[in-house]
Structure formats: structure tokens, C-alpha cells
Amino acid sequence: MELLYLAIGAIFVNNILLAQYLGNCPFCGVSKRLSTSVGMGVAVIFVCTLSSIFTWLVYHYILNPYDMEFIQTLAFILIIASLVQFVEIFMKKQSKGLYNALGIYLPLITTNCAVMGIALLNIKHEFNFFEMLIFSIASASGFALAIILFAGLRERLMISPVPRAMQGTAIALVTAGVMSLAFLGFRGMVQ
Amino acid sequence: MTLKQALVHGLWEDLPPFRLVLGLCPALAVTSSAENGLGMGLAATFVLVFSNMFISVLRKVIPDKVRIGSFIVVIATLVVLVEMIMKAYFFPLSQQLGIFIPLIVVNCIILGRAEAFASRNPVLLSMADGLSVGIGFTISLAVLGSIREILGAGTWFGWQVFGASFEPFEFMVKAPGAFICLGIILGLMNAYSRMRGETFIQT
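For the record, the sequence lines run as chains A and B. Counting in my numbering, the first sequence runs from 1 upward without gaps. Counting in my numbering, the second sequence runs from 1001 upward without gaps.
Derived by calculation from the structure, the hints in this document are not laboratory data. One or more hints might be untrue.
To be verified - Now the stretches of chain A that chain B is said to cover, found in silico as 3 or more residues with beta-carbon under 8 Å:
| # | stretch |
| --- | --- |
| 1 | 15–23 |
| 2 | 71–85 |
| 3 | 154–168 |
What the hints assert, rightly or not - Which chain A residues stay away from chain B? Per the calculated CB distances, all over 12 Å, these:
| # | residue |
| --- | --- |
| 4 | H60 |
| 5 | F127 |
| 6 | N128 |
| 7 | V174 |
Keep in mind that this is a model prediction, so the values were computed, not measured. Each residue gets a CB set at the ideal place from its N, CA and C atoms; glycine is no exception.
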């Protein structure tokens, strides 16, 4: 039950995008079409889960026992960057279809704060292995949910009469604010 | 680009995060108060100036194929430095900013300037570019933080602005306020640019 609460909390209440502000660059950048945002969402879930597992293991079995926590930032970004590179090469070799679908999003993910942010939050909340796994998958799913919903709204915005000065990113941010307001309604669902 | 141009372009032409729509996460997350915005901006400026310097020095040595990885290592090393300095001398601020200090590593502005400017230009020019974009970022964050803090908490840098009867507009310091405030400022800046006959930069 605890794990279920953790998952619901991470997806809805503390949505990584709309409540914790992580991963906003891809949120505004690749949410113009529904299909690209689905690709981005799936790629983030995939990379985020893998990178969380690796960073958690490295922190608990290498950095922590040898008192090297201060190097955490450097270690984590190197793990994420090399992991993304590795996944890209592996996908290209093994599964052409998957690569064509997700390949172009992979380099963008290296500088996605959501991936790094979740890795850091796992350590900050002192999760054990299973909690970490559930939290990462749930948070990344929250990202995918928000970006897919947002892309749907943006497709509608394309054909709406928006004031000239507000076109593009400006109206997108205001829309995101309204969405974030809607997500505030989930607060109180889980303690 | 001349030195003078490099020093001023970050203040209006390429002002992050408004004209250069990068680095939105810290701009939204840490601007619930003016002090946090200013602190974050200064930390990012420090990293930006020195990462531009080191990358510009090393630009002939770094092979093209692994350049992104090399940039990230340089930036991450500087961020670790900033983290330690802030923990040592500005402890309360570093507690406030929390995970957003290590997240400077993935701030797209820094990697963006490294890729677009420092890897192609001489050292002094790159440092000037880093300084100007960094100061622009600091000012933007401080302004955004001020607006949100004044309306949302009724204070500015911790000082009481309004009388006791002021009811704080709490929405502004929460997540939705951040998005809407940034969006409206962006819209106002676009309207002003249009009046002056400049072209839009963001899409």
C-alpha cells in the first residue's frame, strides 16, 4: 500500500513537471505535436528508470562507503550521459524500429533536468531500492502524462485566435500554469 | 562579434530565459522569492563565465565527436565547486535552493553557450559572452522573484512592502503562479519588441 501511495503521489500530487518544475525545456520544446510528445514521454520513462537504478547503485555502493558524496553531481551526470549514449548505440544496432521512433529524443534527454532531478531526489528522500524503482517509474510516467496532455492542448491552441504578442511560448506557459492549477486539485488525495 | 557586442547582447537581444527560451526550470522553481532568484542567477553566472573560459581554452584540443561529453565534464566540475562554496559560506541559501544547485549542470543555457559560442571564439570574448548572458539571467530571475514575492508574500528581500492589512496573493508563490507570471512577462516583452519593430526570436 505504501508503494501505491508513493506512486500516486509522484504521478499526480507532486507531478515532476507541474509541481516541481523539472524538465520544462523539453516540455515547451517538443510538445507542439502529439506524436512527438508521446515519443519523448516514452523515451524519458525508459531512460529515467535505467539511470535511476544505476545512480542509486553507484551512490549506495561506491560513493557512500568511501565518503565521496561531494562528487555526486559529477558522477551522476556522467552516468546519465554515458547511459544515454549507450542506449542509443544499442538501440541502433538491435532494434531499428525502436531507434527510428525514439532515437532523435535520446540526445535531448541528457540535458533534461527531469532525469537528473529524479536521480537526485531518490538520494535526497533516502529511498530503498524498491521505493526508488517505483518512484522513478511513477515520476517519469507523470512527466509523460503531463507532456502528452499538454501537447493535446497545444494542438488546439494552434488553431485558436491568440493575441499576436502571446503567440508561441508565452501562451504555452500560461496554459501550463492553468494545467498546473488543475493538478493542484490532486493535493490532499494522498498525504 | 566584437567585445562590446558580446558584453551587451545577453542583456536584451539574447536575454535568458525570455528571449533565449532556455533554462526554464530554475527560472520557474527558485523564483518564489527575490533572494533565491538572485542567488541562483549568481551561481549560474559563475559557472557560465568559467565554463566558457575553460571550453574556449580547450576548444582546439577537444575532438569534435566527444565535445558534448567534454563540455559536460567541465560544467559539472564547476558546479561541484559552486555547491561546496555555497555550502561553506551561504548555507541557508544553499538549503533553500536544494537540488537546483546540482541541477545547474543540466541548465541548457550553459551547455548552449558552450556549444554555440565558446567552442568557436577566443577566450576573452567567450568570457564576456558568459558574463553578459549570466548577468541577464540574474536580472531576469531577480525581477521574476521580486514580482512573485511582492504579490505572493507581501515582502521584498524579506522586508515588508505593504501594510498589515495586505492579504498575500498566495497563488503567485505556488507552481501555477510561476508559469503564468513567466508567460505574461514573455507576452509583454513580445508586445514591446513588436512596438519597436524588432523580430520575434522564440517560436
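To see whether the hints hold, each was checked on the structure:
1. 15–23: The restraint on the stretch 15–23 of chain A holds, since 6 of its residues have a Cβ under 8 Å from chain B and three suffice.
2. 71–85: holds (count 10)
3. 154–168: Since three or more residues must qualify, the claim that chain B covers the stretch 154–168 of chain A holds, with 6 doing so at under 8 Å.
4. H60: Non-interface label on A/H60 holds, nearest chain B Cβ at 17 Å vs cutoff 12 Å.
5. F127: With a cut-off of 12 Å, A/F127 remains clear of chain B, as the shortest Cβ separation is near 14 Å.
6. N128: holds (19 Å)
7. V174: The claim breaks: A/V174 does not keep its Cβ more than 12 Å from every Cβ of chain B (closest is about 4 Å).
The structure does not agree with numbered hint 7 stated previously, though it agrees with all others.
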